Amino acid sequence: MTWQGTLLHVHIAPAASYEMEERAEAQLVAGRGIVGDRYYLGIGTYSPKPDVREITLIEVEVLEAIANGEPKIPGFKGLLKPEEHRRNLTTRGVPLNHLVGKRFQIGETVLRAARMNFPCKYIEELLGMPGLYEGLLNRSGLNCSIEVGGVIRPGDPILPMDE
Amino acid sequence: MGSPRIIMKLIVAGVHVEPGDVRVIELKHHRRPLLPAFEPGSHVDVHLPIGKVRQYSLCGDPEDLSRYTIAVKRENGGRGGSAWIHDQLTPGAELPVTAPRNHFPLKESDGPVLLLAGGIGITPIFAMARALWRQGKPFELHYFARSRSLAPLLGALEKTISSENLRLHLDDQVETRQDLEELLSTRPSGAQLYYCGPPGFMAAVALASEDWPDGTVNFEAFQPLVQDDTPPEPFMIVLRNGAVVSVPADKSALSAIRAAGVLLMASCENGVCGTCECGYLEGQPIHRDAVLPSNARSHRFIPCVSRATGVLKLDL
Numbered sequence: 001m002t003w004q005g006t007l008l009h010v011h012i013a014p015a016a017s018y019e020m021e022e023r024a025e026a027q028l029v030a031g032r033g034i035v036g037d038r039y040y041l042g043i044g045t046y047s048p049k050p051d052v053r054e055i056t057l058i059e060v061e062v063l064e065a066i067a068n069g070e071p072k073i074p075g076f077k078g079l080l081k082p083e084e085h086r087r088n089l090t091t092r093g094v095p096l097n098h099l100v101g102k103r104f105q106i107g108e109t110v111l112r113a114a115r116m117n118f119p120c121k122y123i124e125e126l127l128g129m130p131g132l133y134e135g136l137l138n139r140s141g142l143n144c145s146i147e148v149g150g151v152i153r154p155g156d157p158i159l160p161m162d163e
Numbered sequence: 001m002g003s004p005r006i007i008m009k010l011i012v013a014g015v016h017v018e019p020g021d022v023r024v025i026e027l028k029h030h031r032r033p034l035l036p037a038f039e040p041g042s043h044v045d046v047h048l049p050i051g052k053v054r055q056y057s058l059c060g061d062p063e064d065l066s067r068y069t070i071a072v073k074r075e076n077g078g079r080g081g082s083a084w085i086h087d088q089l090t091p092g093a094e095l096p097v098t099a100p101r102n103h104f105p106l107k108e109s110d111g112p113v114l115l116l117a118g119g120i121g122i123t124p125i126f127a128m129a130r131a132l133w134r135q136g137k138p139f140e141l142h143y144f145a146r147s148r149s150l151a152p153l154l155g156a157l158e159k160t161i162s163s164e165n166l167r168l169h170l171d172d173q174v175e176t177r178q179d180l181e182e183l184l185s186t187r188p189s190g191a192q193l194y195y196c197g198p199p200g201f202m203a204a205v206a207l208a209s210e211d212w213p214d215g216t217v218n219f220e221a222f223q224p225l226v227q228d229d230t231p232p233e234p235f236m237i238v239l240r241n242g243a244v245v246s247v248p249a250d251k252s253a254l255s256a257i258r259a260a261g262v263l264l265m266a267s268c269e270n271g272v273c274g275t276c277e278c279g280y281l282e283g284q285p286i287h288r289d290a291v292l293p294s295n296a297r298s299h300r301f302i303p304c305v306s307r308a309t310g311v312l313k314l315d316l
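Residue numbers (the UniProt record's numbering), protein chains in the order written: chain A, 1 to 163; chain B, 1 to 316.
Careful: at least some of the hints might be erroneous.
[Stated by the list, open to error] No more than 27 Å apart at the CA atoms, straight line, and that leaves these computed lysine-lysine pairs for DSS-like:
#: 1; chain 1: B; residue 1: K313; chain 2: B; residue 2: K251
#: 2; chain 1: A; residue 1: K102; chain 2: A; residue 2: K49
#: 3; chain 1: A; residue 1: K77; chain 2: A; residue 2: K121
#: 4; chain 1: B; residue 1: K313; chain 2: B; residue 2: K9
#: 5; chain 1: B; residue 1: K107; chain 2: B; residue 2: K137
#: 6; chain 1: A; residue 1: K81; chain 2: B; residue 2: K9
#: 7; chain 1: B; residue 1: K137; chain 2: B; residue 2: K159
#: 8; chain 1: A; residue 1: K121; chain 2: A; residue 2: K72
#: 9; chain 1: B; residue 1: K159; chain 2: A; residue 2: K81
#: 10; chain 1: A; residue 1: K49; chain 2: B; residue 2: K52
#: 11; chain 1: B; residue 1: K52; chain 2: B; residue 2: K28
#: 12; chain 1: B; residue 1: K107; chain 2: B; residue 2: K159
#: 13; chain 1: B; residue 1: K313; chain 2: A; residue 2: K121
#: 14; chain 1: B; residue 1: K28; chain 2: B; residue 2: K9
#: 15; chain 1: A; residue 1: K121; chain 2: B; residue 2: K9
Hints listed in this document are in silico derivations from the structure and should not be mistaken for laboratory results.
Just so you know, these numbers come straight off a predicted model, no measurement behind them.
Same shape as in the complex, but just chain B:
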């Protein structure tokens, strides 16, 4: 099970508009001057009053703990969380937010770091770039966007890191375009790759970095990768106590397990936050999440989105 975290009542201290239909929200604690520390790559869960919980990367400065900064792109056709933030959230509002958690940490290394961001995927990458810049580490940030006027946080980014570390790739400026296959075709010695962006970008970078060795490619997805668009099929779950739970094609494993009386916490229900993570003991899972590292897929399972063929024995 993913670990619970303290939920804090934060107050919206500021809202400003960024290019690309993005709002930047600054949050302060309702009573304490300092918030819990965090590292670049961390995210928080924002509990919206409409009953939804959404994960947002912290893009602010970890050395300024007087506030957290998140950047939220309006996702038209999304599930309603970002629209609520854009339309309803105003300075002074109270917002319950968990303490930060990091699924996307910068690893200790002295080798070169390659950061790739697509659009709003700049949020965790910005925090990483700031940290690497301060530490004087070798890095290059490639920021892909449709145009300068649709690139969130670009102004702040240009004030924070040197232009020598920043490569802009804009669809509307042909000379700046960059082929991902070519960019990632050779891996500099000791290099680590970090990337974040929308699903198409994630799939393209995953493909282009296929030949990079295990442990050198790090990413965070906002939505699970759609690797498997076959229609879901029913399967069976066996619990540790021997109970058999059937999962119909139109229900998630999470809802079936809960209906069988197992208390399991969940948050995003979209395969990205890891809150409902559990172990599996036997069977053939079909992993559809975007949070488990590949070395956990042999024994861990994300029941809100993942499925199985036949019978899956869970460690629950």
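Next comes chain A alone, as it looks inside the complex:
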């Protein structure tokens, strides 16, 4: 699989349910998360449930499809902004669903995709967007662990490894 993508946005939330805050750069710590993020601090909504949640990603292509109400079934249409979806990173040109089990690079860092992210009803209530849960099914992004830490910035290239 040959592809090359770009990191568009980096967001963190200081605690569960807090608004996401955009960062011009962020420090990734291997085995832990993004410095300052709720999952790095162990105070996220899902922190008590053991799983890989060091860093989460979603495709901007999904946000664009949702903005257009595509696909027509379930037909959820809404403006889900990068600071609202509660994933840490927004990417362009990266086939996230195909990366489960694989490693990839963002700038100087290396992530391993642990599993597809599963949307939660919680986000519908948090954002007041009923129907968003169905709209995100099967395209809700990736949960990853951080294998090699470092600094990332919007604009960093995202490249496959393990080809």
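On the provided structure of chain A, position chain B as indicated by the hints.
Frame of chain A; chain B shown alone:
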């Protein structure tokens, strides 16, 4: 379960003193020019750095989303939240505040609206009066206070709505006093009643409006109505998975359920915010909250304050 809401970092943009030991706090977003929209009657949860969460009505103008305005009365003998706000909160401080939620909305109606406020209960009622005034709807606001010098927001209120819509009832001016029974003894055709105030006021208005039809009386309490002052007794809770949780007399159902490993969010733990709301399937609850509407009491339960006799089966 009550819905979670986004928590925003707001900055205290201004603090000023109002009569009646009240501080008015103006809050702005730390980075965005506009805050989420709200309707009259809405409140926000304020997360105090001392680990307490308190609900305050938004009394500002919903058409000015550059700021939220709350008014906080110092409750001596309270649980410490208002004292902290009075003593510690200064302009420039950062305060985490949730997006607004409305348990006390103005209903769509063309009939006359009767607004009753007791003291600091003016906060949500002020926002309603402003909206009704703008819409040109028929309404009357009866504001009950001990004296003019102890009536918060009165100055702003008099500048916002016409004196024809405002009736002041001051304890220290005998001629202005109003008997609630008499005021509410007849209901004008199509009228809706909204009221908010301290516990004694709430109980008096509830009694005086007993004969108003269901769906015409709307209120918001700051504290649960003390209808039941019998000492709490132990009872049992059965969860959906069959687990049996005993609730001792000196513990809340909420803490017992949590101790049994159920993740349940809560906020005020005082029966007013509705965050810990859950369903019940069987049993005899003793409702002690001030948030569930009467038509929800047949199947919903507020475990932070409410109790039960015997065994209560919860939908958890």
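Which numbered conditions among the earlier hints are violated in the structure presented, ordered from lowest to highest?
-> Violated hints: 4 and 9; rest satisfied.
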